[in-house]
Amino acid sequence: MENPLHHFELHPIVHLSLFGLDISINQAVIMMWAVCALVFLFFFLAARGRQLIPTKIQSLAEMAIEFLRTLVLDNMGEKGLKFFPFIATLFFFILFSNLLGLIPGAYTVTSQIMVTGLFAVVVYLISLVVGFSQHGLKFLTILAPSGTPWWLMPLMIPIEIVSQLARPVTLAVRLFANMTAGHTILNVLFGLMLSGGILIGWLPFGFTVPIYILEVFVAFIQAYIFTVLACVYIGDAIKLH
Amino acid sequence: MPREDPEGQDEFRKGLSFAARVGMELVVATLVGAFLGYLLDRFLGTKPWLMVVGVVVGAIAGFLNVYRFVQRMNQSE
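Heads up: the sequence lines are chains Z and R, in that order.
Take the first sequence: its letters are residues 0 to 240, numbered as in numbering that gives the first Met the number 0.
Take the second sequence: its letters are residues 0 to 76, numbered as in numbering that gives the first Met the number 0.
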């Protein structure tokens, strides 16, 4: 049986290099273009008519936008609304790449830790920039939770540093691990089906159906969680306790 | 995605995000602590000790994160 992680490998389709950097075009790059194009197409179709009585696709888009808006308002307050475009882009990009990756033969961009890691680092850097620009050096008090007695400080500060540094890592690993795990399970089940033959192979094949439905569900949930946590982290920096 | 009964859906979403977060939070915080300890060890040449401390500190940080998260959930209810 082939290695179940085989389909996560990237192979360059067009070899390109820029100043010694390898910028070859591989499946992931093409999928990202497809995701961008689809998100664009979705909102282009949704915003084309702008009728008072919305069409189906328009009301779907409006519902999603309204949902994200309350998410931003709940976690970041009024000041957070200027991050709304970023948060919405993040959500739709992750959601569409998760869903597109479920099409057999397509590549799941979010199963690359480089991609999810970059998102997480960008979110975390934004929260740092916002924190320092709004509160100056007072932002460092995020490392010392209010109400801590002074003699606990030497213990609390390293703990807070670790818990801060764990934020981008959890953000990246959660999305990456969920996508990779789901696709690996599907691959293993299909492999079992092929090696099981007609006598027993229908059993793993039957299991792929509920797992696939679960994966569609996970695609939504993971996009949602990533977005919520991005809101929470940036919101923490805005509010500071 | 949108459904008719927003109350129940909200509960459901909260529960799911809880389940998806807590485990990861504990594991990753411990690993980050261990890794920081390891790096400091290499810098200062105090092999295994700072890494041991790092694991403990990381585990505490993970528990603290989960504790705060649960508190926030209780508040919003």
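Simulated from the structure, these hints should not be mistaken for laboratory data.
A quick note: this is a predicted structure, and the numbers were derived from the prediction, not measured.
Keep in mind that a hint or two might mislead.
[Stated by the list, open to error] DSS-like cross-link-like pairs, simulated, lysine-lysine; straight-line CA separation at most 27 angstroms:
#1 Z/Lys137 <-> Z/Lys81
#2 Z/Lys238 <-> Z/Lys137
#3 Z/Lys81 <-> Z/Lys238
#4 Z/Lys55 <-> Z/Lys238
#5 R/Lys13 <-> Z/Lys78
#6 Z/Lys137 <-> Z/Lys55
#7 Z/Lys81 <-> R/Lys13
#8 R/Lys13 <-> Z/Lys238
Quick rundown of the hints versus the structure:
1. Z/Lys137 <-> Z/Lys81: Holds: lysine 137 of chain Z and lysine 81 of chain Z sit about 22 angstroms apart, inside 27 angstroms.
2. Z/Lys238 <-> Z/Lys137: holds (12 angstroms)
3. Z/Lys81 <-> Z/Lys238: holds (15 angstroms)
4. Z/Lys55 <-> Z/Lys238: violated (38 angstroms)
5. R/Lys13 <-> Z/Lys78: It holds: about 24 angstroms lies between the C-alpha atoms, which stays within 27 angstroms.
6. Z/Lys137 <-> Z/Lys55: Judged against 27 angstroms, a Cα distance of about 48 angstroms means the pair is violated.
7. Z/Lys81 <-> R/Lys13: holds (25 angstroms)
8. R/Lys13 <-> Z/Lys238: holds (22 angstroms)
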